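Colleague: Chain by chain, the residues:
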Amino acid sequence: MNGQLRKLPLTGLLLLLVLAFLLDISAGAVRIPLHDIFRILLAPSPGDDASWSFIIEKIRLPKAITAVLAGCGLSVGGLQMQTLFRNPLADPGVLGITAGASLGVAAVLLSGGSMATIYAIKELSSPGSWLIAGAACVGAGGVMLLVLVLSGRLRDNVLMLIIGLMIGSITLALISIWQYFSNPEEVKDFLLWTFGSLGGVTGRQLLILGVTVLTGLVAAFLSSKMLDALLLGENYARSMGLTVRRARTIIVCTTSLLAGSITAFCGPIGFIGIAVPHLARLFFNTSSHRVLVPACCLIGTILLLLCDCISQWPGTQSVLPINIITSLVGAPLVILLLVRKRDLNVNAYR
Amino acid sequence: MINYLDVWGLKIIGNSDKWRLRQAVIFFVVLAAMFTDNRRLVFFFLSATAFAAGIGCRQPPAGRAADRPVTPRSTIRYAHGFRIDYYEGYRDVSIFDRKAGRTDTLHYLLVEKGVDPPANRPGLPVIVTPVQRMAVISSMHIAMAEFVGVADRITGLGSIQYVSSPIVRAGIRAGKVKQVGIDAGINNEAVIAMHPGVLIVMSNPGTGGGTYKTLTDAGIPVLPDADWLETTPLGRAEWVKLVAALVDRDETVETKFDSLARSYRRLADIGSHASPKPSVITDMPFKGTWYVPAGESFMAQFLRDAGANYHWSDTKGTGSLALGFEAVAPVALTADVWINLGNVDSKADVAAKDNRFGSLHPFQTGALYNYNRRINDLGSNDYWESGSMHPDLILADLIRILHPGLLPGDSLYYYKQLK
Amino acid sequence: MNAGSPLLYAKGLQTGYHPSGKKIVVTSGLPDLVIGSGRLICLLGANGSGKSTLLRTLAGLQSALGGTVEVGRATAVGGEMGRGGAMELADCRHLSPAEMARSISLVLTDRVGGANLNVYSLVALGRYPWSGWLGRLDQTDRAAIERAIVAAGIQDLRHRKIHTLSDGESQKVMLARALAQDTPVLMLDEPTAHLDLPSRIRLMRLLHHLTREMNKGILLSTHELDLALQVADEVWLLQTAGPLHKGAPEDMVLEGVFEAAFAGEDVVFDRTTGVFRISPEGERRIRLAGEGTIAFWTRRALQREGYVVGADMRADQLVRITEEMGATRWILETPDGSRSFGSIADLLRALAGVRKD
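Chains as they are written, first to last, in numbering that gives the first Met the number 0: chain A, 0 to 349; chain B, 0 to 418; chain C, 0 to 356.
This is chain A alone, in the form it adopts within the complex (with noise of 0.2 Å):
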């Protein structure tokens, strides 16, 4: 193996955690010394500067834990596509379960010319933040009901793979024909959706996603060896004991919970779920889905609180969209890993 790779020890990926949501919580467009943000947090009082307080607790700490909680399921997500097709690029929206969160959000931003329901439904409330998080989740939900019925008539992964494709196109379309119909305003509102954001989850919205999150992270957790069995491939699966149809409704189930949720609160944010896997691969060395679970989550973890930062943009007032950051930093980070690693063969993916 190559030695120049360093095996960071877990101890260091926790301390790199724990540096990073410092990292975090630490960056904005107003400067606040650290020691103050501890005791806003821990100690707060009253004679605290509001302003300060205010962009602590209401803006950048459940920002930080945004970024936890997406960094996690959307790792744990792609890792389980990634081993359920056997295939290196699946990430969580494979299945079109992103289409689908970004077709139910398009319907209600966009006027879609004379979509009249939709425009009844906007005429009930104006698109708040809930309309369009339970649009979302409306949309991802309904690819995946499809997905698992049609899943249910196919013998073959990669048949399910070429629908999640297909579907990805369909919705692409139908997004396109609604936004060539629509004011530009509503066409740039939807823009900034797609551009994926951290920030303005809060409260309630904050807890949904918490606990579907959480709920995601531990059944997958627990089907780490039903993931194990599946490396080798279904018939190898099925011969060990697998029920490779229960396995692949209760994979299908936990991704689309934890990519529809992530989606519906924070947009698409892409790179996450393809890299992070293989990072965690390459740091762990190991195959068992009971550690890379864990390692995937906590390398999903570091990467986009990192990747936050980053979009603070230091030493401006602007915010650079997330979906940016985590391809433009993402994507070179996991070349130059594959590249040093010079024994990795491509072919041990067939």
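No wet-lab data here; the hints were simulated from the structure.
Since the model is a prediction, treat every value here as computed from it, not as a measurement.
There may be inaccurate statements among the hints.
As the list claims (entries may be wrong) - When the alpha-carbon atoms are kept at most 25 Å apart in a straight line, the in silico DSS-like pairs for lysine-lysine are as follows:
{"no.": "1", "chain 1": "C", "residue 1": "Lys21", "chain 2": "C", "residue 2": "Lys10"}
{"no.": "2", "chain 1": "B", "residue 1": "Lys346", "chain 2": "A", "residue 2": "Lys187"}
{"no.": "3", "chain 1": "B", "residue 1": "Lys255", "chain 2": "A", "residue 2": "Lys187"}
{"no.": "4", "chain 1": "B", "residue 1": "Lys212", "chain 2": "B", "residue 2": "Lys177"}
{"no.": "5", "chain 1": "C", "residue 1": "Lys10", "chain 2": "C", "residue 2": "Lys22"}
{"no.": "6", "chain 1": "B", "residue 1": "Lys276", "chain 2": "B", "residue 2": "Lys112"}
As the list claims (entries may be wrong) - Residues from chain A shown here face chain B by an in silico Cβ test under 7 Å; the list is partial:
{"no.": "7", "residue": "Lys57"}
{"no.": "8", "residue": "Ser128"}
{"no.": "9", "residue": "Leu191"}
{"no.": "10", "residue": "Thr193"}
{"no.": "11", "residue": "Ser196"}
The beta-carbon is built from N, C-alpha and C at its ideal position, and this holds for glycine as well.
Following the hints, put chains B and C in place on chain A, whose structure we already have.
Modeller: Then chains B and C, alone, in the frame of chain A:
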């Protein structure tokens, strides 16, 4: 040159064909005459031919357009994006595209009907005035047309979905006003079919006419309107003089606009000297990004003229600043007034967008003012239509909001308080 | 468990597929098939005869169109085979995959490409039916894995990544995994397909050893008739759209089953040697005098040259094998005289020359 065959009603044949046909007719007539050996018949036909040829020749023009400048019929004082130069028989409209330091100028010749375009300005787009039918894209154009009094000359609209003007709405109902689409989605056939004297589009003058090439090729002049790049409300509104020039009402509109400008300046005087200046935040963030008007935008100018303390009043830029929620939060937490909230109609709507808005001071005191008072049954907001041509009313609203009691009366026109 | 006691029993089996409602029958009218403990059974058949389908149906990977498959339930958790008493058989359809997994383990032709798996982890996966909740391995599991690694002979491959293995090593690793699963029945689908000759032989020998030492019932499908004839306790010969013949391989040879099964114009099965003769039947006759290995191989060479060879043929030519000063000499006696050669090649060249004349 009108071929005499046109007089005979043979319009469908092309010019060169007509010539050939004419030659052929003459030939056969002469041949027939020779064979009939009837000199009177020949003479009759030949003279008829010559006479008709004579009639067919073009009438001499009323008078060629010279490029002698004449007294300007209107002056542009506030707008920086265009100017009108008056000449005998035509006007030269220059539209400036100021981007990246350079200034490109686009010229359009507004030539009076029956007058030839000047010979020394070849290749420039020509619009024949006065325009009888026009197609427009934005709501502001409708407002401009109303201001000039020619709203009934609009035959095409970018989108017929959201219109406030009663005249235009009547026209839509009667089927006289049709939808033509926007930008790349423009329906060329619909525009060509209505054959307007001009199509006014919202485009950056610099982004070439590639989108509209089909239309210009079909002989429909396309005039770009860059009012949204102006940095002052009056400058924006002054683009109405362009529409006035198109329909030959320069003087009337000049007077009307002067009165508007006086009214605005008077209000601005009152507002900018008012004290104390309340702090104001505008617009609504989406998740983590809060777009606020930059210091050189016309919204910032409105706020300065209304006597507001706008935190970003000194920033550069004529558009918006994309700031993080955190960057605006300290200002928003202690602001006095929150205006221009967007697509919300009540405090509950605002809270539904993001529950953190409840901590902002303007929310807690109820000082939320949105520009959606004048929304008609179609959902069309008149703020974007007539509001663009009545900056004085908007300014008056803002002064009444920020400095209650300073102006007589307290009813708002475009704004309303969100409850 | 006594040797020979049935571990798997298939009755009136009919294999096939039913894609979208239609029924496609691959094999029907099969006799009762029994896999007994301590028996190595080879499933032979031409390409497309339905071997794989039959194997997969017996293994429970696909459902049968008709008939039943009964498997012995292994109640022991790990541990050695060979406990006394017969196993009770239960219908496959009533068993969950987990229960099936304790009875039958497989080695398939599927390529396995799990990223970053090393050999030990892959073999450890074989403990799936026995391991704990999250896949935890306890003492028993580790012992079983060790035994499997030793049995398959892959001790020094333990830490290698599976994508770095050669085909032969890979095959052994998959076998070790199946051994770690500790089931009474082991089924292999074309295990010798990608192996070179020495590896093939080693694998067959290993399988034979497993039946004898560990009392496993092993079913393997293969093309290799010669290896099967050497090592199988029972052969099931599946013909395309024909009946399945089963029995001891030697009985089947003598009954002419192979000849009938593979009968064709150029395909001839030689009963005496147990191989398929590639060369066409000869026309010329030659007598061969000699015994033992040398005579056997001389006969083979002559047959390749198109001769019919016999000891008591009425022929013009005679080849006699003698020893002269410790070296073998081939004497060719023709009506024209006799010549002596030191190698079969020389002899054949001479014969070719004679033919020309």
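Colleague: Give a verdict on every hint.
Modeller: Here is how each hint holds up against the structure:
no., hint, result
1, Lys21/C x Lys10/C, "holds, 23 Å"
2, Lys346/B x Lys187/A, "holds, 24 Å"
3, Lys255/B x Lys187/A, "violated, 36 Å"
4, Lys212/B x Lys177/B, "holds, 21 Å"
5, Lys10/C x Lys22/C, "holds, 20 Å"
6, Lys276/B x Lys112/B, "violated, 53 Å"
7, Lys57, "holds, 5 Å"
8, Ser128, "holds, 6 Å"
9, Leu191, "holds, 5 Å"
10, Thr193, "violated, 12 Å"
11, Ser196, "holds, 4 Å"
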